[in-house]
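Using the sequences provided together with the hints, build the complete structure.
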Amino acid sequence: MNSKLILTVIALPLLAVAIAFATTSVFTPPPVRGSFDVLPGAERIHLSRAVGPESLVFDQSGGGPYTGVADGRVLKWNGGDWVEFAVTSSHRENCSHPFNPAMEHLCGRPLGLRFHPKTGDLYIADAYLGLQVVGPEGGMASQLVTEVEGQPLRFTNDMDIDDEEDVIYFTDSSTEFHRSLECEQYLLVPDNDMGRSMFTFSGVVYPEESY
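Read in order, the letters of the sequence shown are residues -22 to -1, 1 to 189 in mature numbering (1 follows the signal peptide of the UniProt record, and there is no 0).
FYI, nobody ran anything at the bench for these hints, they're computed from the structure.
Careful, some of the hints might be misleading.
[To be verified] In silico DMTMM-like pairs for lysine to aspartate or glutamate, Cα to Cα no more than 20 Å straight-line:
| id | residue 1 | residue 2 |
| --- | --- | --- |
| 1 | K96 | E115 |
| 2 | K96 | D140 |
| 3 | K96 | E143 |
| 4 | K96 | D138 |
| 5 | K96 | D141 |
| 6 | K96 | E127 |
| 7 | K96 | D37 |
| 8 | K96 | D144 |
This is how it looks when you write it as structure tokens:
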């Protein structure tokens, strides 16, 4: 009797350990070989003659990345250097300085960027100039939305595109201040057919990032 009790006492912990190992292998994801070695080997892409890169996107063919910078330009990485792809304002006088906050309202400040998967057009949320779009070849962007329900956009910030419904969602982070915080912000949906914006949601504190 005692020997059976001793065997049972020994067997139960061993059985528990075996079950633990078995369930661990079943419910845990398989290891990804080399996953911890990816970021340390990443190449740093230096941004010369510009500051403040905001938002990174790639075009339909994988070209880029593209990013908006503080002097109002959208730049494209061509594999060896950054080249100008688009601008959000036709006013370029005194906009050649890498960082000149006093000129942002004239030079533009592209923030959120998204390529439309179907058309290849690049949509740009410019903090001062509203929602804009430029064709796949770049150049001077065209304004799409500058106000909603009579209220000028003060701080157009970021966006996302639902290509199935052909809807663009974008955020306006302040109703009063440029590049500042105010507690009466919008989440907006442009009406692509009518060229207008439909008021969707307000009262969100500092809506910014993509969804």
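Here is how each hint holds up against the structure:
A hinted pair counts as satisfied when its Cα atoms are at most 20 Å apart, and K96 with E115 qualifies at roughly 15 Å. Pair hint K96 plus D140 holds up; C-alpha atoms about 11 Å apart against a cutoff of 20 Å. For the hint pairing K96 with E143, the CA-to-CA distance comes to about 12 Å; that is within 20 Å, so the pair holds. With a C-alpha separation of about 14 Å, the suggested pair K96 and D138 falls inside the 20 Å cut-off, and the hint holds.
As the CA atoms of K96 and D141 are separated by approximately 7 Å, the hinted pair is consistent with the 20 Å bound. In summary, the hint linking K96 to E127 is not supported, as the alpha carbons are separated by about 29 Å, beyond the 20 Å threshold. Between K96 and D37, the direct Cα distance comes to roughly 11 Å. Compliance with the 20 Å bound is thereby established for this hinted pair. Among the hinted pairs, K96 with D144 is consistent with the structure: their alpha-carbon atoms are about 9 Å apart, no more than 20 Å.
This entry does not satisfy hint 6, going by the numbered hints stated previously; all others are met.
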